[in-house]
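S.K.: Quick note on UniProt numbering: the sequence shown kicks off at 1 and runs consecutively.
Accuracy of the hints is not assured; some may be wrong.
[What the hints assert, rightly or not] Okay, derived cross-link-like pairs now, DSS-like style, lysine-lysine, Cα gap no bigger than 27 angstroms in a straight line:
hint, residue 1, residue 2
1, Lys-96, Lys-178
2, Lys-31, Lys-86
3, Lys-11, Lys-31
4, Lys-191, Lys-121
5, Lys-11, Lys-96
6, Lys-77, Lys-31
7, Lys-193, Lys-86
8, Lys-48, Lys-11
9, Lys-121, Lys-96
Honestly, the hints are just simulated from the structure, not real lab data.
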Amino acid sequence: MMANSEEVGNKQVIFKGYIDGVPKISDMELKLSNIKLNNPSQQALLVKNIYLSCDPYMRGRMRDFHGSYIPPFVPSKVLEGFGVSKVIVSDNPNFKAGDLISGFTGWEEYSIITKTDQLRKIEPDDHIPLSFHLGLLGMPGFTAYAGFYEVCSPSSGEYVFVSAASGAVGQLVGQLAKLHGCYVVGSAGSKEKIARASESSKTSQLS
């Protein structure tokens with residue numbers, strides 16, 4: 001914890017309203033507000049966001065639908081998603097100033113995080129870029145690992161079919177399967193995606 005009345009500018013990406021079709025820049029707004037670098041309350045954290053991840057699931061949150069596993073974004077509020085952040089001020093005994101964390105945060109320079117149970121501490125490692133904690137060591141990596149090893153549990157030499165093989169999870173599943181000695185077949189929705197998946201995932205066959 002610390003006492004600091006310093007006020008700084010805070011650039012924020014605001015979600016303007018529910019959309020149809022492909023998201024456009026005009027569906028969002030860049031806003032400059034101010035935030036005080038003082039103690040948050042109720043065991044919350046004040047963090048400075050370092051990296052933010054733009055993920056496909058976010059499109060589903062841009063519609064007015066409340067039957068999903070995660071609620072929709074709130075119009076006129078800051079977008080949120082997975083990020084890597086540095087703790088500036090902590091009112092939580094499990095975190096201290098200077099800690100690096102990953103988890104849900106706002107699309108803004110500084111955020112106050114109240115739901116700290118979903119955060120994961122990052123142990124600094126000069127050989128691992130912090131951005132990896134949003135990909136290989138983040139949600140896509142955990143999804144790929146759990147889906148491949150815990151759910152599928154294939155044996156070496158078996159065929160593994162990967163849909164959306166050019167996506168964040170699909171690329172990793174393809175690589176895990178190849179490392180496991182499997183023959184990988186992947187599918188993607190365009191020639192460009194097929195080329196990307198072939199290059200990054202090194203799949204044996206793509207269509």
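S.K.: Has the given pair, Lys-121 with Lys-96, been kept, meaning a C-alpha gap of at most 27 angstroms?
M.R.: 11 angstroms, holds
S.K.: Starting from Lys-96, check that the Cα of Lys-178 is at most 27 angstroms away, please.
M.R.: Violated, because 41 angstroms separates the two Cα atoms, which is more than 27 angstroms.
S.K.: Assess, step by step, whether the Cα of Lys-48 is no farther than 27 angstroms from the Cα of Lys-11, and give holds or violated.
M.R.: Within the cut-off at roughly 11 angstroms; holds.
S.K.: Does Lys-31 lie within 27 angstroms of Lys-77 when you go C-alpha to C-alpha?
M.R.: Between Lys-77 and Lys-31 the Cα gap is close to 10 angstroms, so the pair holds against 27 angstroms.
S.K.: Decide if the proposed pair is consistent with the structure: Lys-11 and Lys-96, CA atoms, cutoff 27 angstroms inclusive.
M.R.: This hinted pair holds, its Cα atoms lying about 24 angstroms apart.
S.K.: Hint check: Lys-193 vs Lys-86, CA-CA at most 27 angstroms. Holds or violated?
M.R.: 34 angstroms, violated
S.K.: Given the hint that Lys-191 pairs with Lys-121, test it: the Cα-Cα distance must not exceed 27 angstroms.
M.R.: Judged against 27 angstroms, a Cα distance of about 39 angstroms means the pair is violated.
S.K.: Check whether the Cα positions of Lys-11 and Lys-31 lie no farther apart than 27 angstroms.
M.R.: OK: Lys-11 and Lys-31 at ~6 angstroms, within 27 angstroms.
S.K.: Given the hinted pair Lys-31 and Lys-86, is their Cα-Cα distance within 27 angstroms?
M.R.: 22 angstroms, holds
In this structure, the hints that do not hold are numbers 1, 4, 7, in rising order.
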